[in-house]
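Could you slot chains C, D and L onto chain B? The hints should help.
Listed below are the residues making up each chain.
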Amino acid sequence: MNSIHDMGGMHGFGKIPYEENEPVFHAAWEGRVYAMAMYTPVGVPGGFRYMIEKMDPADYLSASYYEKWMHARTQGLLEKGIFTQQELEAKIKYFAEHQDEQPPVVQDAEKLERALQSLVKQQPPDPAQPNPPKFKAGDMIRAKNMHPVGHTRLPRYCRGKLGVVDHYYDYWRVDDTPPAGEEHAIEPLYRIKFEARELWGDEAEPNQVLYIDMFESYLETSV
Amino acid sequence: MNSIHDMGGMHGFGKIPYEENEPVFHAAWEGRVYAMAMYTPVGVPGGFRYMIEKMDPADYLSASYYEKWMHARTQGLLEKGIFTQQELEAKIKYFAEHQDEQPPVVQDAEKLERALQSLVKQQPPDPAQPNPPKFKAGDMIRAKNMHPVGHTRLPRYCRGKLGVVDHYYDYWRVDDTPPAGEEHAIEPLYRIKFEARELWGDEAEPNQVLYIDMFESYLETSV
Amino acid sequence: MGHDHDHHHAHSSADAEIRAKALESLLIEKGLISTDVIDEIVRQYEEDIGPMNGARVVARAWSDPSYKKWLLEDGTAAIADMGYSGKEGAKMVVLENSPSTHNVVVCTLCSCYPWPVLGLPPNWYKSYAYRSRVVREPRKVLSEFGLELDESVEVRVWDSNSEIRYLVLPERPEGTDGLSADELTKLVSRDSMIGVAKL
Amino acid sequence: MGHDHDHHHAHSSADAEIRAKALESLLIEKGLISTDVIDEIVRQYEEDIGPMNGARVVARAWSDPSYKKWLLEDGTAAIADMGYSGKEGAKMVVLENSPSTHNVVVCTLCSCYPWPVLGLPPNWYKSYAYRSRVVREPRKVLSEFGLELDESVEVRVWDSNSEIRYLVLPERPEGTDGLSADELTKLVSRDSMIGVAKL
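Chains as they are written, first to last, in this note's numbering: chain B, 28 to 250; chain C, 28 to 250; chain D, 507 to 705; chain L, 507 to 705.
Same shape as in the complex, but just chain B (with noise of 0.2 Å):
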C-alpha cells in the first residue's frame, strides 16, 4: 500500500526530536495499550500493520505511536466482533465522566504464564518449500514496480531500482497481503544491496549503500 506510512525518502519531516534519558513508556496508558495490543490473543484482520497503513494519512501523521496501536487494536477487535462500536462508546463515554475510575482488575495465572511464554518463544523461519531459492549472493537483481493496494514490505523508493543480492536467508512467511482466499506465502528471504546513487541519483551522499531484505516475489533478474 502506498499510503503515507512508507516515507523512506521523503522530505518535510524536519529535525529528528531527540529526549535524554527517555523513558520506556511516556505515559501509563502507553504501556498497557502495548500491552494489549500484543498479548491479547486475537488477531487483526489483515495485519496489525496494515490496519495502521489504512488509516487516514492526516490522522496517521496527527497520531502518537501508541495512539496508531491502540487505533489498530480497537479497530481489530471491532471488526472480529469482539465488542462493538455501541459497547466501546459507552465504555469511552462512562471513563470520561467518571475520570477517577479504574478498568476492573482481574487476576489470572494461566493467562499470564502463556503470555510470558510467547514473550520469550523462539521463533524459526519456515521450513523449505518444494521449489529451490531462485537466487544467489551475487545476483544482480532488480526489485519490482509494483503497487499493491494491500500491504507490503517492498518500499517505494527501492521500487524498479537494481541491486545485488547479498545473502539468502531460509525461507519466511511473507507479510504481504495475499490475493483473496490464499494463504500467505511461504518464499526464500534474500539480502539486497543497493547502492545510494541508484537509489537517490546526483543528491546521494557518497560511499553510502543501503541493506534492505526482500521476499523472492519482490525480485526480478535483471536485464
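No lab work stands behind these hints, which were simulated from the structure alone.
If a hint is listed, it holds; no wrong ones were tucked in.
Partial pick of chain C residues on the chain B-facing surface, computed with a CB cut under 8 Å:
| no. | residue |
| --- | --- |
| 1 | 28 |
| 2 | 36 |
| 3 | 38 |
| 4 | 39 |
| 5 | 81 |
| 6 | 85 |
| 7 | 88 |
| 8 | 89 |
| 9 | 171 |
| 10 | 172 |
| 11 | 174 |
| 12 | 175 |
| 13 | 187 |
| 14 | 227 |
| 15 | 230 |
Now the in silico label distances, taken between C-beta atoms and shown as ranges:
| no. | chain 1 | residue 1 | chain 2 | residue 2 | range |
| --- | --- | --- | --- | --- | --- |
| 16 | L | 658 | B | 105 | 50 to 56 Å |
| 17 | B | 46 | C | 165 | 55 to 61 Å |
| 18 | L | 657 | D | 580 | 52 to 58 Å |
| 19 | C | 106 | D | 520 | 22 to 28 Å |
| 20 | B | 144 | D | 649 | 46 to 52 Å |
| 21 | B | 46 | C | 106 | 26 to 32 Å |
| 22 | D | 553 | C | 69 | 23 to 29 Å |
| 23 | C | 135 | D | 680 | 50 to 56 Å |
| 24 | D | 558 | B | 208 | 49 to 55 Å |
| 25 | C | 165 | B | 228 | 24 to 30 Å |
| 26 | L | 646 | C | 107 | 24 to 30 Å |
| 27 | L | 657 | B | 105 | 51 to 57 Å |
No residue lacks a Cβ here, since even glycine has one placed at the ideal position from N, Cα and C.
Here is chains C, D and L on its own, set in the frame of chain B:
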C-alpha cells in the same frame, strides 16, 4: 521536494468528495485570500508552490486549500519583511476580539487597473536559447531519478521511468528551485507519454497512458 | 461521494476568517493592495471567469469546423480569440475526446487548472483522493463519477504540472444537430471539460 | 533537536488515556486479557527488557573473541545463549562497525526494532523525520546526532522490514583493555547499538 504534496499514485485518501452546484468560494474569506495571494505585488521567496510544499506534512494534509494559500502568502510577506510576526499576531488578536470589525476600505483606481491588466495578460513562452532542443518527438527517454530538496515539477511516480517524447513545446522557464545564486533556467519543454504499465507495473489498468510535460533537464537518453 | 479530508480543519474556519481579515488589514495599511482590487477579483471569478467560458469555446468548436481545427492546433490563440487569456492559461492545449479516446486532466503536485476557461477548480479536483488516484486508477475514479469506459477506449491522463494547461473537448451529444452555439453552450458541463464526465 | 511531530495530538493524550481504559475494561470483561498480564508485560519492558541486554551481548563479544565470531555468524543463537529471544527477535543479525564501515538501522515502513536486546524503541527512532531521512541522507542525520563520519567511511543503512532484526556491534572504545565484561556493559549505549552514535 519529496514532500506530501507529491501524492500521485498514493493510496489511502478514500473516495473523491463531490459537491453538486459547488460555489466558487465556500466562504467570503476564501475569495479574499485568493485575491490577496495572486494580486499582492510582492513575490513569495522560493515561489508560492514551494512555500506550500514546505509546510509540515500533517499541517498540509489538515489545512484546506485556501488555508494553504493564506499560509504561503502570509509566510512570504513575513520572510520579505513586509510585516513582522508581532504585527501579524496583534492584528489576529484584534480581529479575534472584535469579530464585527472589518479591515479598512481603500479604493485605488491605479492598483485596480494594474490588477485587471495582469488578470488577462498573455504570457508567451520564453525566447529560444543558444542550445537547440536535444530531443524530438518519438525519442525514447528516461525521466531522471532525482530527489532535489528544492521545488521540482517532476513527480516521484514518473522518476526513473521510460517514456516517449510526444511533442516539443518551445522554451519555458523551469520552475524548479535554482542552485543558490542562479536564476531560473530557460529550457526546452516536452510532452512525454508513459504507458501506465511502465508506471504501475502489474497493477496498471488496461489501455491507459499518461501525458506529462517535462523540462529538458528532467530527461535522460534511454539506454 | 465519500468523506472530505478537509474535515480535519473544519473547526478552524472561524480562525481562518480572522487570519484573513488580519492579512487584508495589514496589506491595505501597507498600501500593497486596495479593497477594490480584492472585491473586483472575487467578483470576476464568481461571475465572469468560469466554466461558461470553456463551454463557449466548446460550442463554437462543435459549430464551426475551421474553428475546431484552429483550436486543436493552437489552443492558446483560438481561445484568446474568444477573449479568454491570462493567468494559468499562458499556453492552452485542447484535447479532443472521441469514441476511442478519453482524456482526463489532473495536477498531482498542486491543483493547476486552466483558469481563463474554467475558472477556479472545484474542491474534488483539489482533493487528495483525486490527485493521488486518477493517475494510477483512472477507470476506477471515472466510474465513481458515473462514467464507465469500455476497455477498448484508451484513457489518457494528463498531469498538468508545467505551464501548459489543458481543456478537454468533449464529444458533441447526439441529437443536437439543430442547436445554435448559444444553446450548445448550455449543454457543456465543467466536468466534461476536465474529463470526468461525458455529455 | 527540533520539533516533535507528535505535538499535533498532544492535546488529546487525555482522550487517549480514556480510550485505553475503555479498551482494557472491555478486554478484561470479555475474558481476553487479565490485569496481571498487562502489569507484568509493562514491568518487563520497563525493567528487564531494554538496551542493557544488548549491552551485555556487546560487552561479551568485546571480551571473548570466540563469542564474537559466533555472534557475527549466528546472531540469533549467540544472543539466545545470553537468554534473549522472542518477539521481534526471531532472526537476529549483528552488524560490526569498524574504522572503515559504519552501520545504522532504521525501519522506514513502521518501526521494527530488536525488542529482546534493545527493548522498545525511543521516540526519535519512530519519528517521521528519522524514518524518512536516514535512508536518503544518513551522514546528515548522523551529524545531527553529533556523529561526523569521514567520507572514506562506508555508511551502510539497514532498512529492517522483513522478520530479520539487526543489532549494531559498536567499536570498542580505546583505553578499555583492563575492564571486565560488567564494566564494559556500562559503556555501551542504546544509540551505539542502533548506529547513531559511536562510543
